[in-house]
Amino acid sequence: MSGLAFMVRRNAPLALVLVGLGLLGVGLDRWLNAYYLQIVVLIGINIILAVSLNLINGITGQFSLGHAGFLAIGAYVSAATTRFAGLSSEAALPVALLAGGGAAAVAGLAVGIPTLRLRGDYLAIATLGFGEIIRVVILNTEAVGGARGMGGIPILAGFGSVYACAALCLVMIWRLVYSPRGTAFFAIREDEVAAAAMGIDTTRYKILAFTVGAFWAGLAGGLLAHFIGYLHTNSFTFLRSVEIVVMVVLGGLGSLTGCALAAAILTILPELLRFGAEYRMVIYSLLLIAIMLTRPSGLMGGREISWRSWSSTPAR
Amino acid sequence: MAFLELDACTLSFGGLTAVRDVSLAVDPGELVGVIGPNGAGKTTVFNLITGVYAPDRGTIRLNGQRIDGLAPHRITQRGIARTFQGIRLFPTMSAFDNVAVGYSPRAGHLLDAVLGTPRAAETRSRIGAECDALLKLFDLTERRDDAARTLSYGAQRRLEIARALATGPKVLLLDEPAAGTTPHEKTELMQRIRWLRDHFGLGILIIEHDMRMIMEMCERITVLDHGEVIAGGAPAAIRADARVIEAYLGPEQT
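So the sequence lines, in the order shown, correspond to chains U and S.
No gaps in the numbering here: position 213 of the first sequence is 214 in this note's numbering, and each next residue is one more.
No gaps in the numbering here: position 202 of the second sequence is 213 in this note's numbering, and each next residue is one more.
Looking at chain U on its own, in the form it has when it is part of the complex:
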C-alpha cells in the first residue's frame, strides 16, 4: 500500500466526521433555537480551550493562567482580519481563524521562551501577568474599539465550523501526545530532570506545548468573535483563564477526553441552574467542590475515553 493511500485510509474517519459535523451545522444553525445554539456552540469553543490548555497544564505540567490572553489575541486579530479587510463571505473564516491562531501562537512562543524557565507557582503568576497585559493593551487600543468593545464583526462561524475545529484540535493533540515521541510531554510533567536524562530536550517540548496550545486558544477566539459578532475585553479577564483551568482540573489533568467532557458540563451547568436565580453561582461552586471531593483527580483521572481501551495508555 502506498504511503498516500495509507494516510487517506487513516484519516478517512476524521474527514467523515468533519463533513458530518458540517452538514449537521447547516441544519442546526438554521433550525435550532438561538439560545440552545449559543450554548452548544460555546461548549464547542470551550472544548477547544480546555483541550489546548490541557496540553500545557495537564500533559506537559506547565501551570499556565494565561489562556484567556491567547484567546483574546486570537479573537481580536481574526476579527480585525475580516472586518478591516471587508471580508464577509464564509470562505474568509478559515483565513481569519488561521490569522488569529497564528498570532496567538507567535505570542505563545514569545511568552514561552522567557517564562518557561520558571516553574510551578512562578510560571502561573508570570502567565497571569501576561494575560492581563494583553487585556489592558487591547482595552487601550482605539483601533479595535478600546473600552467600547469591537462590533460589526461578520457572523461567519456556527455549529459546523466550531465542532469541526474542536474535532481537529482533539485529534491533533491526541496524536501529538499519544505518539511514541509524544511520551516526552508526559515525562516532562512527571520529572523534568529524569526526562532530560532520557535525552529529551525539555525546553523545546515545553515551548512546543505552549505554542500549539496558544494556537488553538487563538483559533477558538476567532470562532468566538465570528459567532457572537462583538468583542469586549471583559470576556477575557483572569477569571476566564481560571474557568478553563477548572475544566482541565475537573476533567482530569492529562485527560483530553475528560476535559472535553468537563467543558461541556461546566458550560451547561450554569444554564441548568438558572432556576436558582441569585444563588446560581453558589450552587455551581458547591457542585464543583462536591465533584472534587468525590473525584479528587478529576472526572477521568489521567484516563481517556477511548474506543481502543480503557487505560492510561490508550493509543500506544
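Keep in mind the hints are simulated off the structure, nothing from the lab.
Cβ atoms here follow ideal geometry from the backbone N, Cα and C, with glycine treated the same way.
Check each hint, because a few of them may be wrong.
Which chain U residues stay away from chain S? Per the calculated CB distances, all over 12 Å, these [stated by the list, open to error]:
id: 1; residue: G28
id: 2; residue: A93
id: 3; residue: A111
id: 4; residue: G130
id: 5; residue: F239
id: 6; residue: I269
Facing chain S, a subset of chain U residues (Cβ under 10 Å, in silico) [claimed, not checked]:
id: 7; residue: R11
id: 8; residue: L15
id: 9; residue: L177
Derived Cβ-Cβ restraints for the label pairs, each shown as a range [to be verified]:
id: 10; chain 1: U; residue 1: L88; chain 2: S; residue 2: N74; range: 40 to 48 Å
id: 11; chain 1: U; residue 1: N12; chain 2: S; residue 2: R85; range: 53 to 61 Å
id: 12; chain 1: U; residue 1: A86; chain 2: S; residue 2: F24; range: 53 to 61 Å
id: 13; chain 1: S; residue 1: F211; chain 2: U; residue 2: P297; range: 37 to 45 Å
Given chain U, put chain S in place with the hints provided.
Here is chain S on its own, set in the frame of chain U:
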C-alpha cells in the same frame, strides 16, 4: 584513550570543592566501580558526566569528543545513560511508557504522528516491540501497564535500568542500583549487570555501597574521599590500600 574519559575535573559550589582533579576512564565491556564514604562526591561525578553540572576545570571526552558543558539531553543522545540514586521514574506513567520515553528522541517526527503517515505507524509498532522486549528482559512484562509508582522497590530499580537502556547507551551509569533491595534481588541484579555488559558490550560505571558486590563485579575500582581520588585499581589492591581503609574506618589509633 579510553572511550569515556574524565581528565582532572574540578567542580566547586561557592567555597566548597565538591570534586577535585578527578580522572576516570571507562571502556566498552568494562565494569568500573566508584566507591567512597558518604559525601565523597560520587554522585557529583555522575552529574558531571551526564551534564547536570559542567566542570570548572578539566575535560570529559566520549569517544574522543568533548562532552563537558553539553546539556544533559545531548549527552544522553550521544550514548551515556544513567539511573538515579533515589529512584526517579515517571511515577504515574505505566512501566511500558517509562521505557518508551527512552526511545522518544529517536521516535520519528511529531508531524508524522499528527498526519498519520505510514512511517508513524511503523515507528509505533517497532518501538512498541522493543519496549516489550526490554520489559521482558527485566521481568516486568506482567507489570507492563501498571503505573511505575505501584511497582515494588526492586521492580522500580529494574525498570529504571530498563528505561536507561532504552536510550541506546554505550556507557551506563548506575547510581547505587542495589540500595534497598533484598539479598536475593541483589544477586539477581549482579547477574543482570554482568549480562548487560557482556551482551551489549556496555561500559558500566557503578556507584555502590555494598562492598561485596563491588569487589566481586568490578575489574577496576576508583575510590573517592572528600572529592578526590585517593586510590584506583583492581579490587584486591583497593582492599589492601591503607588510605582506603583510613577513609572508611578513620586513622589507626596508637
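Point to revise | Enumerated hints in conflict with the structure, sorted upward | key: 10 and 11
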